[in-house]
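With the hints as your guide, set chain B onto chain X.
Residue numbers (my numbering), protein chains in the order written: chain X, 4 to 570; chain B, 4 to 570.
In short, the hints are calculated from the structure, not lab data.
Ideal placement from N, C-alpha and C gives every residue a C-beta, glycine not left out.
Among the hints, a few may not be true.
Beta-carbon label-pair distances, calculated as ranges [unchecked claim]:
#: 1; chain 1: X; residue 1: Ala265; chain 2: B; residue 2: Ala266; range: 55 to 61 angstroms
#: 2; chain 1: B; residue 1: Ala266; chain 2: X; residue 2: Ala272; range: 39 to 45 angstroms
#: 3; chain 1: X; residue 1: Ser488; chain 2: B; residue 2: Ala257; range: 41 to 47 angstroms
#: 4; chain 1: X; residue 1: Ala272; chain 2: B; residue 2: Val243; range: 52 to 58 angstroms
#: 5; chain 1: B; residue 1: Ala495; chain 2: X; residue 2: Leu233; range: 55 to 61 angstroms
Stretch-level coverage of chain X by chain B, calculated; a stretch enters the list once three of its residues show a Cβ under 8 angstroms from a Cβ in chain B [claimed, not checked]:
#: 6; segment: 200-207
#: 7; segment: 467-474
Result set (DSS-like, lysine-lysine): computed pairs, CA atoms no more than 25 angstroms apart in a straight line [to be verified]:
#: 8; chain 1: X; residue 1: Lys552; chain 2: B; residue 2: Lys397
#: 9; chain 1: X; residue 1: Lys397; chain 2: X; residue 2: Lys436
#: 10; chain 1: B; residue 1: Lys221; chain 2: B; residue 2: Lys296
#: 11; chain 1: X; residue 1: Lys537; chain 2: B; residue 2: Lys537
#: 12; chain 1: B; residue 1: Lys201; chain 2: X; residue 2: Lys296
#: 13; chain 1: X; residue 1: Lys208; chain 2: X; residue 2: Lys221
#: 14; chain 1: X; residue 1: Lys221; chain 2: X; residue 2: Lys207
#: 15; chain 1: X; residue 1: Lys397; chain 2: B; residue 2: Lys552
#: 16; chain 1: B; residue 1: Lys201; chain 2: B; residue 2: Lys387
#: 17; chain 1: X; residue 1: Lys552; chain 2: B; residue 2: Lys387
#: 18; chain 1: X; residue 1: Lys296; chain 2: X; residue 2: Lys387
#: 19; chain 1: X; residue 1: Lys552; chain 2: B; residue 2: Lys296
#: 20; chain 1: B; residue 1: Lys221; chain 2: B; residue 2: Lys203
#: 21; chain 1: B; residue 1: Lys545; chain 2: X; residue 2: Lys397
#: 22; chain 1: B; residue 1: Lys497; chain 2: X; residue 2: Lys296
#: 23; chain 1: X; residue 1: Lys537; chain 2: X; residue 2: Lys436
#: 24; chain 1: B; residue 1: Lys436; chain 2: B; residue 2: Lys397
#: 25; chain 1: X; residue 1: Lys221; chain 2: X; residue 2: Lys296
#: 26; chain 1: X; residue 1: Lys436; chain 2: B; residue 2: Lys296
#: 27; chain 1: X; residue 1: Lys221; chain 2: X; residue 2: Lys203
#: 28; chain 1: B; residue 1: Lys387; chain 2: X; residue 2: Lys545
#: 29; chain 1: B; residue 1: Lys436; chain 2: X; residue 2: Lys436
#: 30; chain 1: B; residue 1: Lys552; chain 2: X; residue 2: Lys296
#: 31; chain 1: B; residue 1: Lys436; chain 2: X; residue 2: Lys537
#: 32; chain 1: X; residue 1: Lys387; chain 2: B; residue 2: Lys552
#: 33; chain 1: B; residue 1: Lys296; chain 2: X; residue 2: Lys497
#: 34; chain 1: B; residue 1: Lys537; chain 2: X; residue 2: Lys436
#: 35; chain 1: B; residue 1: Lys207; chain 2: B; residue 2: Lys221
#: 36; chain 1: B; residue 1: Lys203; chain 2: X; residue 2: Lys537
#: 37; chain 1: X; residue 1: Lys201; chain 2: X; residue 2: Lys387
#: 38; chain 1: B; residue 1: Lys545; chain 2: X; residue 2: Lys387
#: 39; chain 1: B; residue 1: Lys387; chain 2: B; residue 2: Lys397
#: 40; chain 1: B; residue 1: Lys436; chain 2: B; residue 2: Lys537
Number of protein chains: 2
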Amino acid sequence: MFSRYFPILIWARDYDRETLVNDLIAAIIVTIMLIPQSLAYALLAGLPPEVGLYASIAPLVIYAIFGTSRTLAVGPVAVASLMTAAAVGELAVQGTPEYIAAAILLAFLSGLMLTLMGLLRLGFLANFLSHPVISGFITASAIIIAAGQIKNLTGIPIEGHNLLQILESLFARIDQFNLDTALIGLGAIVFLYWARRKLKPLLKKAGLSERLADIGVKMAPILSITATTLVVFLFSLDHVGVLVVGAIPNALPAPAIPAFDAALWRELAMPALLISIVGYVETVSVAQTLAAKRRQRIDPDQELIALGTANLGSAVSGGFPVTGGFSRSVVNFEAGAQTPAAGAFTAIGIAMATVFLTPLIYYLPKATLGATIFVAVLSLVDLKTIRHTFAYSKADFAAMAATILLTLLQGVEIGIITGVAISLFLHLQRTSKPHYAIVGRVPGTEHFRNILRHAVETDPETLSIRIDESLYFPNARFLEDTINSTLAADPAIKNVVLMCPAVNFIDASALESIEALNERLHDNHVRLHLSEVKGPVMDRLKRTSFLQKLGGNIYLSQNDAFEDSRI
Amino acid sequence: MFSRYFPILIWARDYDRETLVNDLIAAIIVTIMLIPQSLAYALLAGLPPEVGLYASIAPLVIYAIFGTSRTLAVGPVAVASLMTAAAVGELAVQGTPEYIAAAILLAFLSGLMLTLMGLLRLGFLANFLSHPVISGFITASAIIIAAGQIKNLTGIPIEGHNLLQILESLFARIDQFNLDTALIGLGAIVFLYWARRKLKPLLKKAGLSERLADIGVKMAPILSITATTLVVFLFSLDHVGVLVVGAIPNALPAPAIPAFDAALWRELAMPALLISIVGYVETVSVAQTLAAKRRQRIDPDQELIALGTANLGSAVSGGFPVTGGFSRSVVNFEAGAQTPAAGAFTAIGIAMATVFLTPLIYYLPKATLGATIFVAVLSLVDLKTIRHTFAYSKADFAAMAATILLTLLQGVEIGIITGVAISLFLHLQRTSKPHYAIVGRVPGTEHFRNILRHAVETDPETLSIRIDESLYFPNARFLEDTINSTLAADPAIKNVVLMCPAVNFIDASALESIEALNERLHDNHVRLHLSEVKGPVMDRLKRTSFLQKLGGNIYLSQNDAFEDSRI
Chain X
4 MFSRYFPILI WARDYDRETL VNDLIAAIIV TIMLIPQSLA YALLAGLPPE
54 VGLYASIAPL VIYAIFGTSR TLAVGPVAVA SLMTAAAVGE LAVQGTPEYI
104 AAAILLAFLS GLMLTLMGLL RLGFLANFLS HPVISGFITA SAIIIAAGQI
154 KNLTGIPIEG HNLLQILESL FARIDQFNLD TALIGLGAIV FLYWARRKLK
204 PLLKKAGLSE RLADIGVKMA PILSITATTL VVFLFSLDHV GVLVVGAIPN
254 ALPAPAIPAF DAALWRELAM PALLISIVGY VETVSVAQTL AAKRRQRIDP
304 DQELIALGTA NLGSAVSGGF PVTGGFSRSV VNFEAGAQTP AAGAFTAIGI
354 AMATVFLTPL IYYLPKATLG ATIFVAVLSL VDLKTIRHTF AYSKADFAAM
404 AATILLTLLQ GVEIGIITGV AISLFLHLQR TSKPHYAIVG RVPGTEHFRN
454 ILRHAVETDP ETLSIRIDES LYFPNARFLE DTINSTLAAD PAIKNVVLMC
504 PAVNFIDASA LESIEALNER LHDNHVRLHL SEVKGPVMDR LKRTSFLQKL
554 GGNIYLSQND AFEDSRI
Chain B
4 MFSRYFPILI WARDYDRETL VNDLIAAIIV TIMLIPQSLA YALLAGLPPE
54 VGLYASIAPL VIYAIFGTSR TLAVGPVAVA SLMTAAAVGE LAVQGTPEYI
104 AAAILLAFLS GLMLTLMGLL RLGFLANFLS HPVISGFITA SAIIIAAGQI
154 KNLTGIPIEG HNLLQILESL FARIDQFNLD TALIGLGAIV FLYWARRKLK
204 PLLKKAGLSE RLADIGVKMA PILSITATTL VVFLFSLDHV GVLVVGAIPN
254 ALPAPAIPAF DAALWRELAM PALLISIVGY VETVSVAQTL AAKRRQRIDP
304 DQELIALGTA NLGSAVSGGF PVTGGFSRSV VNFEAGAQTP AAGAFTAIGI
354 AMATVFLTPL IYYLPKATLG ATIFVAVLSL VDLKTIRHTF AYSKADFAAM
404 AATILLTLLQ GVEIGIITGV AISLFLHLQR TSKPHYAIVG RVPGTEHFRN
454 ILRHAVETDP ETLSIRIDES LYFPNARFLE DTINSTLAAD PAIKNVVLMC
504 PAVNFIDASA LESIEALNER LHDNHVRLHL SEVKGPVMDR LKRTSFLQKL
554 GGNIYLSQND AFEDSRI
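Only chain X is shown next, with the shape it has when bound in the complex (with noise of 0.2 angstroms):
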């Protein structure tokens, strides 16, 4: 029981030498990729380098302790420092005290939210937000995204948090292109599509090892970095108007909680919610998959919880939103990575980066951060799954579209808010019509089937409807509704006999609609019946007095039925 709140107790067990050994190799090629994405989602979201290394260290040695994934890495990510961006950019300045605490605040909110609802075991609520709407969300967000880093590769100082706001900043600046910031952008955002798509073969061509490749592959952003903040320094270019990094505070912030604040609780309260949905639900899907490669197992309850207190720890340390990011999980399993340990070392290695490598990334050019945000996000952006849903179907692809659209041209929260809408509304529409059939007797035999379908033995007299889901409230009136049509479009109906061999549970209000209907057969002289109902079901329905109330008989089978109202 306890070890279900904090699985590091089943995992640290048995942990060995060589357990160990391949966890510290994974968080050193963990390391080394998260760096530099740390620097750059906390640029996306306007926050000050240092911030995304916060975001980095303990988030991560909590997710160890608490997360059921074993090699799940979380830290920021693109899409919700995006949200995190545009939330925080609706109270506060970029580059002011107060928006670096609305930053950190909303990965506080969100910590809790998220934690709660773990301990509410509400992780299904998650589900309601379906692949396609998630799916376009990402993209749209990639796009935005992407359009937003011209301002880091060029120089030009653009604002906006949607499609729109971007190009018309674009437009009405380009007068301050910087062809220095360009030329070291474009650079990057080169080498690094070459190094993602060429390095690997060469790598192997020149005798290293598929493991080895791939570790290779992984340095490549280091080694822009590396290059490029040499280049800015040997021709001081950051003299020429190429925007560097700067100054960062080589020391870790002291913990810190949040002051309550509640009118800008109540401002974040919505954002917050919003991040935590997105989050969790790429988090548990990353964690899902990586799992799933091992036969092992999550459970997404307890992710919550996990997720909840890596975002609290942020917070507390100074760091912003935090999610389960897709790309790191993969490098970390792929290098090996057998336990969450793997992720509280990759921390040991951010919080030394912090201490001792920040002096040496002054002169990093923000050109570079932006190219790398740009290839990484790129390849969020999933025009497969838009074309395969498009072709598979019509209403998921509608849904998918408003999302996209709204997230380019109004922005990621509405874009998201529109997509749950969407989702939800979508789901209603669908629960609100049990499947159901009128059905026959296939001649020569006990079975029955649709009459619209089958050439089946039916009698004027009697109506049988098979029901194929449970009764509860929001689909209880549409069976009204259609037995009331049916009946009213023919009076020579004198028996309706429900088929319920699909139904689960009877809820009250389900109950109570039958009992309506049933009285109402009754007054126009139709009796009803009931067939092949389920045993719990019986149960439950022998606890109150419609079994007395009804017209009807109650049939083991729906033949037995047919057999009876024929006499």
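Relative to the frame of chain X, chain B by itself:
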């Protein structure tokens, strides 16, 4: 097609003399009943009494044109009046022109929303308010309304929209108790109760027919109004503190469309939505009940349009929100109304009363109206349903209890919002887990049954899962979780068969989920098979590349799969 939106075109064709006579008789009886109710419910909503009469004219004529129920009677009702008082009381002081304008705007907004929902065919959304929640809400509202009538029944100027506020101001101002008012109020209550219980047998004993006796009972409120008005007039009780209705304009107001005021519209949007939902749910359920008794049918989406335009009509003619009322519709039905023309005739009756009778009710004591409300709403307190729900389902009872408590202690708005939220939550929770069973073969047959309930044959290397519901995004992940957990626990499994006889559709999310599942199983050297896939589902799957990627086979019957994987 045209007549879908104008049901009047259907019944007006066959309108004859006999129908006219029946409708006229019903209209006279309903008019007599509706006059005191209209005055009383206006008082309950904190409005001048004449506003109740205005709300009983235009809406009835409009419903006659657009309504699909032959016998529904719309007008002011108790619960909507209380909700109006609660919503408008937040924005303006009772008795001011702003208060009246806000109540009119509330009807207008509610009308716009309902009409729009009807045109978009969103009637199904109302189903998501479960029976126990709406029934609990009405019971709690009725208790608040009854408690609130202590004001009219005793002269103590109590205030408040929830039980706590009412009791608090009652004890604070108990010294303002007025004995004459209390005697009139108590007398009216005792008379109305007596009439309800004892008058009919008495009249029948006196030789009246069943129908005439019924009509006699309906006259009781008018009788109590006449008697108490006379008493106040003769003894000048209005000079000793008995509050009377006073001067009422005896002309109909000029039609006017509410002015647009963005701030006010925004403030009233939520209350208008809540009144719309509650009013619609009640309207449809009354209409449904009465229609079924005569084997007629109603169209729930058209009812939205009818109720919406009725509310627009109420607003334009100076009235407040209206709804289909249960008791007056039953009276209309039992008095023999054949078509909605009866409603239009009732409207003429009310209009004539507004012009000619209003001078006569100057001395009508508010205590009598309070007594009318008190007696009317106590019949809405439905303890039987509370008891039945408790016996039948603890989950439904919990939802009901929460709604009742919050409505009583916090007020109608929070009460109904909580109710809607709980209903939705329960629905989402229930539909996030599809019903499924791990199955095996009943020996000697080709039937497959749940391994937990039957002694069946299974193959240790094969996991056969029968899914009993359609697969869509809210339950897509559940299937993944279930199969992953089972596989993680049992490494012997080499084949997974999804038995899909009850899967009516697979949406894009579920398809993606199954594709991911197939891929993961493949990586683990486990084959995924499908059996008993329905035709339409198969057609759709053929549009995708899933069937090519499927690691296993597709079997027409589960038995084929069982036989085959043994090989």
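Hint check:
| no. | hint | in the structure |
| --- | --- | --- |
| 1 | X:Ala265 / B:Ala266: 55 to 61 angstroms | violated (23 angstroms) |
| 2 | B:Ala266 / X:Ala272: 39 to 45 angstroms | violated (23 angstroms) |
| 3 | X:Ser488 / B:Ala257: 41 to 47 angstroms | holds (42 angstroms) |
| 4 | X:Ala272 / B:Val243: 52 to 58 angstroms | holds (55 angstroms) |
| 5 | B:Ala495 / X:Leu233: 55 to 61 angstroms | holds (57 angstroms) |
| 6 | 200-207 | violated (count 0) |
| 7 | 467-474 | holds (count 3) |
| 8 | X:Lys552 / B:Lys397 | holds (23 angstroms) |
| 9 | X:Lys397 / X:Lys436 | holds (19 angstroms) |
| 10 | B:Lys221 / B:Lys296 | holds (22 angstroms) |
| 11 | X:Lys537 / B:Lys537 | holds (23 angstroms) |
| 12 | B:Lys201 / X:Lys296 | violated (77 angstroms) |
| 13 | X:Lys208 / X:Lys221 | holds (17 angstroms) |
| 14 | X:Lys221 / X:Lys207 | holds (14 angstroms) |
| 15 | X:Lys397 / B:Lys552 | holds (23 angstroms) |
| 16 | B:Lys201 / B:Lys387 | holds (23 angstroms) |
| 17 | X:Lys552 / B:Lys387 | holds (16 angstroms) |
| 18 | X:Lys296 / X:Lys387 | holds (23 angstroms) |
| 19 | X:Lys552 / B:Lys296 | holds (17 angstroms) |
| 20 | B:Lys221 / B:Lys203 | holds (10 angstroms) |
| 21 | B:Lys545 / X:Lys397 | holds (16 angstroms) |
| 22 | B:Lys497 / X:Lys296 | holds (15 angstroms) |
| 23 | X:Lys537 / X:Lys436 | holds (21 angstroms) |
| 24 | B:Lys436 / B:Lys397 | holds (19 angstroms) |
| 25 | X:Lys221 / X:Lys296 | holds (22 angstroms) |
| 26 | X:Lys436 / B:Lys296 | holds (24 angstroms) |
| 27 | X:Lys221 / X:Lys203 | holds (10 angstroms) |
| 28 | B:Lys387 / X:Lys545 | holds (17 angstroms) |
| 29 | B:Lys436 / X:Lys436 | holds (18 angstroms) |
| 30 | B:Lys552 / X:Lys296 | holds (17 angstroms) |
| 31 | B:Lys436 / X:Lys537 | holds (19 angstroms) |
| 32 | X:Lys387 / B:Lys552 | holds (16 angstroms) |
| 33 | B:Lys296 / X:Lys497 | holds (15 angstroms) |
| 34 | B:Lys537 / X:Lys436 | holds (19 angstroms) |
| 35 | B:Lys207 / B:Lys221 | holds (14 angstroms) |
| 36 | B:Lys203 / X:Lys537 | violated (46 angstroms) |
| 37 | X:Lys201 / X:Lys387 | holds (23 angstroms) |
| 38 | B:Lys545 / X:Lys387 | holds (17 angstroms) |
| 39 | B:Lys387 / B:Lys397 | holds (15 angstroms) |
| 40 | B:Lys436 / B:Lys537 | holds (21 angstroms) |
In summary, the numbered hints that this structure violates are 1, 2, 6, 12 and 36.
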